[in-house]
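Participant: The residues making up each chain are set out below.
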Amino acid sequence: MRISTLAFSQQTIDLINDKTAQLAITQAQLSSGLKVNSPADDPVAAVHILQINQALAQTAQFGRNADAANARLSNEDSTISNITNLLQRVRDLTVQANSGSADATSRAAIATELDQDMNQLMDLANTRDANGEYLFSGLTTQVQPFSVGSGGAVVYSGDQGTRMLQVGQTQKVADTDNGFQVFQNIPAGNGSFTTTTPATNTGTVSVGTTSVSSASAWVPGTYTITFGTNGAYTVTDAASATVSTGTYSDGGTISFNGANVSLKGTPAAGDIVSVKTAGSQDIFGTLNQLTAALKSTINSPAQSAQYATTLGNTLSQLDQAMSHLDDVRATVGSRVNAVTTAKSSGQSATVELQTSLSQLQDLDYASAIGKLTVQQTGLQAAEAAYAKISQLSLFDYIK
Amino acid sequence: MSDLLSNGVSALQAFQRSLDVISNNISNVATPGYSRQTASLVTNPAQQYGNGFVGSGVSVNTITRTYNEYLAGQVRTSNTSYQRSNEFATDAAQVDNMFADPTTGLSAGLQKFASAVQDMANSPSTSAPRQVVLSQAQALAQQLQGYTSQLQTYSDQVDQRIQSTANDISGIAKSIAQLNSQIALAAGSGQPPNDLLDQRDQLLNQLSQDVNVSTSTQDNQVNVYIGNGQPLVIGATASTVGTVPNAYDPTRSDIVIKTNGANINVTSDMTGGTLGGMLDFRNQVLDPAQSQLGLISVGLASAVNTQQAAGIDLNGNAGAPMFSVGGVQVQTSSQNGGNASLAVTRSNVAGLTGSDYILADTAGGWQLTNKSTGAVVTMTGAGTSASPFVADGMSIVVSGTASVSDKFLIRPTAAASAGLAVTLTDPSQIAAASPIKTAAATTNTGTGTISAPTVNNPANPLLRNAATITFPTATTYSVNGGPSLAYNPGTQISANGWTVTISGSPAAGDSFTVKDNAGATGDNTNALALAGVFDQKGLNSGADSINSYLGRFVGNLGTVTQQAQNDASAQKSVNTSDSQALSNASGVSLDEEAANLIKFQQAYQAAAQMISVASTLFESVLQAARGQ
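Sequence order for the protein chains is A and B.
For the first sequence, the working numbering puts the final residue at 399, and the numbers step up evenly by one.
For the second sequence, the working numbering puts the final residue at 1628, and the numbers step up evenly by one.
Hint data in this document are derived by calculation from the structure and do not stem from the laboratory.
Only true hints are included.
Computed far set for chain A versus chain B, every beta-carbon distance over 10 Å:
no.	residue
1	D77
2	L86
3	A102
4	Q120
5	T127
6	S249
7	Q289
8	G370
9	Q380
10	Q391
Computed footprint of chain A on chain B, listed as stretches where at least three residues anywhere in the stretch have a Cβ under 8 Å from a Cβ of chain A:
no.	stretch
11	1521-1529
12	1554-1565
13	1573-1586
Label-pair ranges, simulated between beta-carbon atoms:
no.	chain 1	residue 1	chain 2	residue 2	range
14	A	T331	B	T1454	18 to 24 Å
15	A	S344	B	S1428	35 to 41 Å
16	A	T340	B	S1478	43 to 49 Å
Glycine included, each C-beta is placed from N, C-alpha and C at the ideal position.
Assemble the whole structure, with the sequences as input and the hints as a guide.
Facilitator: This is the structure we're talking about:
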C-alpha cells in the first residue's frame, strides 16, 4: 500500500493530538477530583448529583430547624420548671396560711410574699426567646401574652395557635405551647368539680378535701348541699330534684353521684355548700383568689369557714396546675426527643447521601492515575515512533 | 549513428523533464491539496528500414496528476458531516457548561431560596431572615436572567458567524467560477492544467466545511450545488449567498441564494457543514433552552405568587406577588398579508410545554403547530375575546383580519426569564402566616379541641370573616347558627374556604371560633408551604415539579451534548480515514520520489553515456579516415 508522506505525518499528528486531548481530560479530572465535570460527561449521573446536592442542602436545613426548635423547647422546659417550683412554694405558703395558727399578721405577710410570687410568675409567663419572640403568646409572638387588666385580673392577649417547625421531610414539631394551653386551660377544683360556700352561711361548716370515687362514677352537674337542723342535709341537682339525703356530723364526708366532699365545722340550718362540674382555671386567677382570701377580714366563724373552703379549693387547684404543668413538660420532653431523633437520622442520611454523591462524582484516583500513566506511555510511544520512522528516507542513501 | 545520437538526446530531454516533474513533486510534498504529477513517457514512432523498424527514442507525451474523483467526493461528504457535528458539539458544550456546577447552579439557587424561607419560618416575626428571603429571591431572579442573557449572547454570536460564513461561501463560489473559466481556457491547449485543477478541488473541499456540497462536471468545468440542490456555481457564473432578517424575528438571519436578482430562502436546506451545525444549534439547543428556562421562571413565579396569595404578611394583608415574569412573545411574520394581531396570555401554567408554536391561517381555519415536534395542536374556542383559543396552557385572542397563509410565531415562555424580577421590596410583605386561626372558647368545659385551619380557597371573600362553631349539645354542632349537624370526634368541618377538625368530647354549650389571623406575626404556616413549592408538581400537566423539571432540563442538555460529541468523534474518524485514502492515492511519497529520482538519474546517465558512445564511434570513424 502506498502511503503519502503528508498523509503519514498528518496521521501521526492527529494521533498525537488525540492522545494529548485524552491526557488533558484525565488531567482535568485529576485536578478537579471529579469524574463528572459537565452534564455531558454523564447526563444521568449529573441529574442524580443535582438531586443529591439538593437533598443534602435540605437535610442541613432541617438540622438547622431542629436546632431552632430545640432552643425554644429547652427554653420552654426550663421556664415551666421554674414555674412549677414557684407554684410549689405558693402551695407551701397556702398550707401554712390554712393552718389554725395563722393569724391576721402572718396572713398579711404571706399575702405580701404572694404578691412577689405573682410578679415573678408574670415575668416567667412573659419570657422571650433570643429573637425577642414571646414563648407563650401562641402565634402572635410580638404581643406580650399576659398583662394585668382592669380590676386586677390577668388578661391573655395571645392566641391559641402553635408554631410548627419542619425538622424532616414530613415531620413538623411544635416549638412551644401557647399561654392558653399552659396557664389557662387547666381543670379547676379537684379536676372534676369545685366547691364553694356562700358568704350568707351562718354556721362554721367549711370544705376540706374533695375527690371522686372514680372518674366514671362522677355524674357531672351542678349540685347544692342544703343543711337542715342537726346536720341533716339534702343534695339537690340543677333541676332541684333530690339526689341524696343524710345526716352530717363534724368531720364527716358527704358522698353522692361519685363525689366525696369532706366537711369540717358545724352547719347552721339553711347553710349550703355548692358542688359544680369543674370548668377551667387560670393560674393567675387562682393566685389572685388566694391573695384576696388572705387579705380578707375574718371576724366571724362563717368567714373563717369560707376562708378555709377557699384555701382548700386553692390547694386542689394548685395541685391540678402543677400536674398540668408536669404534663406539658412531658410533651415538651417527647418533642425534644423527636427533634433529636430527626436530627440524628438526618445526620445518618447525610452520610449516606454523601457516600452516593462521592460514588457518582468523585474520581477513583488509583484508576485515574493508572489511566494517566497508560495515556502518557501511549503518547510517548507515538512520539518516539514518529521521530524514528520519519528518519527513514531513501534520500539518505543517495550519495 | 545519427539514431544513436538523436535517441540519446530524446532520452536526455525526456528524463530531464521527468526529473523536473519529480523535483516539483518533492517541492510540493507539504502543499495541501497538491496531487502528485507524473510525466508520461511514450516511445517515438519507429522508422522503417529495409530490415525492419528501428526505434527513434522517447518523448514526454503529457504531464498528468494522480487524482481520485470518487475519493475526493467521499472526503467532501464526510468533511461536511464532521464539520456539522463538530460545530454543533462545540456550541452545545458551551450551553451545557453553563449548568455544569452542581454547587452554584440553578438548583442550588432554588435550594438557597427554600432554605432562606425555612430560616424565616423558624422566627417569622424577626426581620433579618425575611430580608435574606428577599435577597435570595433577587439572587434567583438574577441567576435566571443571567442564564437567559448568556443564551442570548450565544444566539447573537451564532448569528454573526452565520453571516460571515455566508460571505465566505460567496467568496469561494466566486473563486471556483473564475477557476472554471481559466481551466476551460487552459484545457483548450489539449494539456491538463493540473495546478488549477488542484486549486479548484481544494476550494471545493473548503466549501464542504461550510455547507453540504454536490457537484457535476461539464466540459472541464464543475457545477456546484449546495443545500438541497440549489445551484451555487454554474460554469463561470457564481451566485451570491447572503443573509436576510428572519420573517418572525428580524434580529435573526436567514440564508438566501441570490440568483437573477431573486432571493431564495434556503435556511432549512443548509443541513451540513459549520453552517448546518450553527443552524441546528440555534434550533435544537438555544431556542428550546431559552423556552424551557422560561418555563422554569414562569413556574417559579406562579408557584411562589400563588402561595404568597394564600397567606398574610406581617401587616395582616393578603400576600402580594413576589415575582413578575416576562410575557408571551408573539412574532408576526413580515410576509403576512392581513392585519391580524394576536394577544396571547398564559392561562394555565401546568399546561405549558416549554415549546414554541406557529399559528397559521389555513384555508380550513386557524391551525396551531408545535414548532419542536411539528405536531398540530388542537385548540378549543373561537379566538375571540369572549371565547379565546385555548391550547397547551395558552389563551389566544385574534383581532383584525388575516389572509390565508398568514403566520405567527408564539413563544409562550421564551421571554419569561429576561423579565423575571422581584416585585416585593418590603420584607414584611412576605406572607408567612395563615390568613385565619382557630380558638376554643375559654369557657368550654368539654375536652374538645380544634385543629389549626387548612385553607382550601384563599380567594373566598368570606375566608377571613369570623365564624363560630357552637355545640348546643355534646353530639351536635352548627356553624354560624346554621343547621344542626351530627358531631363525631374527628369530624371535618368546612366553610368559607377553610376546613378544621374538631376532636375529643365537647360539652354542651362549648364553642370554637375560626377568625382572621391578622397580628399573628409568629405564624409560619404559609412559610412552611412556601418552602415546599419547588417540589409541588405544578408543571407539565402535574408530572413535574420545578426541581424535577430543572433536573430533566439539565439532563436533556447533557444528553444532547454528549450525543453530539460522540457523533463528532465518529464523523471525525470517518473523515480522517477518507482524507488519508485520498492523500495516499494522490499525495507525494518522498521515498517513491527518491526511487524515481534514482531511476531517472541512472537513465539520464545512461543516455548521456549513449551520446558519449556515439561521439566515440564517430571519432573512431574520423580517425580511421585520417589514418589512411
